[in-house]
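Student: Once you've looked at the hints, dock chain B against the given chain A.
Line order of the protein sequences matches chains A and B. Be aware that the first sequence starts at 1, since it is given in full-length UniProt numbering, and climbs by one per residue. Be aware that the second sequence starts at 1, since it is given in full-length UniProt numbering, and climbs by one per residue.
These aren't lab readings, by the way, just hints derived from the structure by calculation. Built from N, CA and C at the ideal position, the CB exists for glycine as well. Mixed in with the good hints there might be a few duds.
Here are the simulated distance ranges between beta carbons [as the list claims (entries may be wrong)]:
| # | chain 1 | residue 1 | chain 2 | residue 2 | range |
| --- | --- | --- | --- | --- | --- |
| 1 | A | 100 | B | 426 | 36 to 42 Å |
| 2 | A | 48 | B | 121 | 41 to 47 Å |
| 3 | B | 373 | A | 111 | 44 to 50 Å |
| 4 | A | 68 | B | 261 | 34 to 40 Å |
| 5 | B | 338 | A | 111 | 43 to 49 Å |
| 6 | B | 259 | A | 102 | 29 to 35 Å |
| 7 | A | 102 | B | 189 | 46 to 52 Å |
| 8 | B | 133 | A | 51 | 34 to 40 Å |
| 9 | B | 338 | A | 168 | 49 to 55 Å |
| 10 | A | 100 | B | 189 | 46 to 52 Å |
| 11 | A | 168 | B | 285 | 54 to 60 Å |
With a Cα cut of at most 30 Å, we get these calculated DSS-like pairs of lysine-lysine [what the hints assert, rightly or not]:
| # | chain 1 | residue 1 | chain 2 | residue 2 |
| --- | --- | --- | --- | --- |
| 12 | A | 138 | B | 193 |
| 13 | A | 141 | B | 262 |
| 14 | B | 486 | A | 116 |
| 15 | B | 40 | B | 404 |
| 16 | B | 190 | A | 138 |
| 17 | B | 193 | A | 152 |
| 18 | B | 190 | A | 139 |
| 19 | A | 116 | B | 421 |
| 20 | B | 193 | A | 141 |
| 21 | B | 262 | A | 134 |
| 22 | B | 647 | B | 524 |
| 23 | B | 463 | A | 65 |
| 24 | A | 139 | B | 193 |
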Amino acid sequence: MKTNHKFLLIASTLALFLNCKNNSEGQEDTTSPTVETQTDNKQGQAFITDDESTPNVLQIAIGSKDHSTLVAAVQAAQLENALVNAGPLMVFAPTNEAFAALPEGTVDNLLKPENKDQLALILKHHVTPGNYSKDFLKKFKQLGQASNQNVKVEVKGDDVYVGGARIVASISAGNGIVHVVDKVILPEN
Amino acid sequence: MKNLFKISIGFLVIAIAFTSCNDGKSSKSNGALSSNAAEKVYVAPGEHDEFYAFISGGFSGQLSVYGLPSGRLFKVIPVFSQDAEKAYGYNEETKPMLNTSHGFVPWDDAHHPDISQTNGEIDGRWVFINGNNTPRIAKIDLSTFETTEIIEIPNSAGNHSSSFVTENTEYVVAGTRFSVPIPQRDMPIKDYKGNFKGSLSFISVDPDDGRMDIKFQLIMPGFDYDLSHPGRGKSHGWFFFTTYNTEEASTLMEVNSSQNDKDFIAAVNWKKIEEYVNNGGGEMMPANYAHNVYDEETHTATSTMKKEVRVVNPLDVPGAVYFLPTPKSPHGCDVDPTGEYIVGNGKLSANLTVHSFTKMLSAIENKKFAGEAYGIPILNFEDVLAGSVEQPGLGPLHTEFDGKGNAYTTFFISSEVVKWKLGTWEVVDRQPCYYSVGHLMIPGGNSQKPFGKYVVAMNKITKDRYLPTGPEVTQSAQLYDISGDKMELLLDFPTIGEPHYAAGCPADLIKPRSKKIFNLEDNKHPYAAKSEADTKVVRSGNIVHVYMTTIRSHFSPDNIEGIRVGDKVYFHVTNLEQDYDVPHGISMIGANTSELLIMPGQTETFLWEPKQVGVWPFYCTDFCSALHQEMQGYVRVSAANANTPLKWSLGEDIE
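Only chain A is shown next, with the shape it has when bound in the complex:
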């Protein structure tokens, strides 16, 4: 838990630096045509000091070395505070390997500030409002994702596939559950 917390501090410090850089380069408003998004990386639930509660889905992702790409993506999309919400949130967390399996350049492209909205949509496609174990997910035919699109749930033997991605591990979180998946689940459009 303590380690998680340190990671979090490092991450937020990094985020602050990144933010400064963006501003000095005058890149504001390049990502959203209508909204001047106000984000303050120092405020919000993601930045609360709490080493007593069960780690939330964001802290679990940050604490996992297999999910550094996902964490970088969450930070680039500035979705940290959404992931520490009361939820409940069910996050399908693709591993670094899953991201690496995407066509070359895809991740780098998505991490560019001008693609923030697209990246956010993809990440939201990995989040369900709910908290269901892998076993319980077998009851579903589909899930409604935060991207406003549905993903299919399929059962093959003992395995559960969500949007074509296989659940390889599951970790309970303070505000939901993280299912580690072996593929990035891409929205249809």
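Tutor: Quick look at chain B alone, frame taken from chain A:
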């Protein structure tokens, strides 16, 4: 001093500009110091706030009164829960207020306050609020800031799509959240579908004294009716209710009631049903529900059990009810000030759906239906859709309006308020909430004339916003200035219980009518003693009535003898003061109840059942005067079989 203040603020602004990596736009920071937020919420000592805000207490069962923009708490009005501070629900006069068909229920879950209206504008006469758990609607009189009426709602459960008033306070409306067997009966839960029903109650409000009466209940299909709002302006005469669980599931709702891609907003033409009922339509159904009314002259509540209620089958009134398909378990159901737009916030949808009243009417006229549910016509989604706000945030809940063409929607999961334009559906601003916002309130928001200066966001999660107080921390409200193009966070302030919704209005609507005292001459309490000459102690068997008075700084009588163990002693205490803000309190050692807090001119009663022989003191519990500490008395309690004569006195010994 003022200059010094400005200069120091100036320095701070510069300092912040230098030290922060912000781009220098003050509006982009949350910090109060980077703008004049502090000045905007500062109400100088002795000055008054511009707005009243009535914020529901949720699971506290009460309603709290705040000032805006200062966020100062003025009063907690007890409504559905006992309040020892004010003796509400403890004294003999107000116990009947909490009577129900289930007996005395001293708690409820208070959700949605709404202020009475005349001609579509807030009139500041009463606030109505719903009790969810044991379905009730309460009315608070804004001249006394006291709960003066509570009516129980039969055939209802989880009274949640309540208590919203129509444009002239013709009705306060209460919709059931949970469908139940109507009438209640012993039946298997698994037979829910098709057998359980949902009731939507239209409670008429007397235009003179505000007296409530259930005019009719519309008995609808067994969905969950979540929230509602009246039509206004062009849609006056209609009422809109969001529904979920159109699947009619009865277990694991979080999965089973989320199967349908769309649920409905039920559009109810209440004027049509009213006409039907006025012509003898509907039928009286046996029922059992409490109607509790507090009388300001007797200072006493009476509870009457009502034995029937008029129910209406929607199929008997063709053209009165339609279903508007609305995506994904819509929660908030909000109507804009013109009455044209009906916003459904699908809490599992990432988009906001806005229906058009005009398009709805034309679809109805052209009889363009997509089908029916239990005989109620379903309109085509595309035919009634005015537009949708695409991907504005995560977990939309509620929308309010500023009267300038903008709407403000809360998002629970992404924890923010998003401002968007009616008609173009374009998002124009967003501000984070700390954290997980539920309802929001713009003063006058539920009327044709909102006062679009501030919005209050009521948050569900507080965490680190204040000094920590253990695992339980107060819930937090946030005040934003919405007078400009961009919203600006001005203030955090703590709230009581779990604030769900709030109603606000300009202070000037209420201030001049606020009562200062109750006229002693008008006091018609049966046990009032209107002068010290009227005080007495009367025994009838083991029941003893003490007619007592208070004035600065003594009780009359203050010595009583002849009370016996096993007696039931009623202290009826009249406050003889006729001076603003001079209440007296009283409490008796060992009394199994709260103190009394008696306003000038008022009479209140507490019951004391002495169990031990001795001489027992009582005293004034409200610091009333310079000689408050002298305001005390004694009661001599003798054995159950003793012959101590019943005597009382003030200023002389009992011989």
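Student: So, for every hint listed, does it hold in this structure?
Tutor: Verification of the hints:
1. A/100 / B/426: 36 to 42 Å: 38 Å, holds
2. A/48 / B/121: 41 to 47 Å: At 43 Å between Cβs, range holds.
3. B/373 / A/111: 44 to 50 Å: Holds, at about 47 Å.
4. A/68 / B/261: 34 to 40 Å: 36 Å, holds
5. B/338 / A/111: 43 to 49 Å: 44 Å, holds
6. B/259 / A/102: 29 to 35 Å: Check passed, 32 Å falls within 29 to 35 Å.
7. A/102 / B/189: 46 to 52 Å: 48 Å, holds
8. B/133 / A/51: 34 to 40 Å: 37 Å, holds
9. B/338 / A/168: 49 to 55 Å: 53 Å Cβ-Cβ, so the 49 to 55 Å window holds.
10. A/100 / B/189: 46 to 52 Å: 50 Å, holds
11. A/168 / B/285: 54 to 60 Å: Hint holds: Cβ distance 58 Å, inside 54 to 60 Å.
12. A/138 / B/193: 24 Å, holds
13. A/141 / B/262: Holds, because 17 Å separates the two Cα atoms, which is no more than 30 Å.
14. B/486 / A/116: Answer holds: residue 486 of chain B to residue 116 of chain A is near 22 Å, not above 30 Å.
15. B/40 / B/404: 21 Å, holds
16. B/190 / A/138: Given pair residue 190 of chain B, residue 138 of chain A holds - Cα atoms ~22 Å apart, limit 30 Å.
17. B/193 / A/152: Roughly 27 Å between the alpha carbons, so the hint for residue 193 of chain B and residue 152 of chain A holds.
18. B/190 / A/139: With Cα atoms ~19 Å apart, residue 190 of chain B and residue 139 of chain A stay inside 30 Å; holds.
19. A/116 / B/421: Roughly 23 Å separates the two Cα atoms, so the pair holds.
20. B/193 / A/141: Holds: residue 193 of chain B and residue 141 of chain A sit about 22 Å apart, inside 30 Å.
21. B/262 / A/134: 26 Å, holds
22. B/647 / B/524: Judged against 30 Å, a Cα distance of about 26 Å means the pair holds.
23. B/463 / A/65: With a Cα-Cα distance of about 28 Å, the restraint between residue 463 of chain B and residue 65 of chain A holds, given a limit of 30 Å.
24. A/139 / B/193: 21 Å, holds
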